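Undergrad: Go ahead and model the full structure; you've got the sequences and the hints to work with.
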Amino acid sequence: MEHANAVAAIAVRVCGGQAMLKHLSLERMYRDSRLGSLMLPWSAEVALERIGKARLYDA
Numbered sequence: 001m002e003h004a005n006a007v008a009a010i011a012v013r014v015c016g017g018q019a020m021l022k023h024l025s026l027e028r029m030y031r032d033s034r035l036g037s038l039m040l041p042w043s044a045e046v047a048l049e050r051i052g053k054a055r056l057y058d059a
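Here full-length UniProt numbering is used: the first residue of the sequence shown is 1, the next is one more, and so on.
Certain hints may be false.
Unchecked claim - Label-pair ranges, simulated between beta-carbon atoms:
1) Tyr57 with Ala9: 29 to 39 Å
2) Leu56 with Gly16: 42 to 52 Å
3) Ala47 with Ser25: 22 to 32 Å
Keep in mind that the hints were calculated from the coordinates and are not lab data.
For clarity, every value in this text was computed on a predicted model and none was experimentally measured.
Note that beta-carbon positions come from the ideal geometry of N, C-alpha and C, so glycine has one too.
TA: Put into structure tokens, the structure is as follows:
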């Protein structure tokens with residue numbers, strides 16, 4: 001997740017302006033990578049801790 005925005009931005013630059021057309025999946029990937037940090041602002045450490053706790057206590 002930390003590098004998703006950079007990778008998506010590079011992909012959009014490589015593909016050009018047509019990458020932002022709604023019917024292409026790259027537009028959604030770029031949008032999701034930009035907004036992902038706002039919707040779920042967890043750091044990698046917090047995410048790993050929550051996954052570990054869920055896995056440990058659900059077993």
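Undergrad: Now, for every hint given, state plainly whether the structure supports it.
TA: Structure-based check of each hint:
1. Under the hint 29 to 39 Å, the C-beta atoms of Tyr57 and Ala9, about 38 Å apart, fit the expected range.
2. Between Leu56 and Gly16 the CB atoms are about 47 Å apart, so this pair conforms to the stated range of 42 to 52 Å.
3. As the Cβ distance of Ala47 to Ser25 is approximately 24 Å, the hint placing it in 22 to 32 Å holds.
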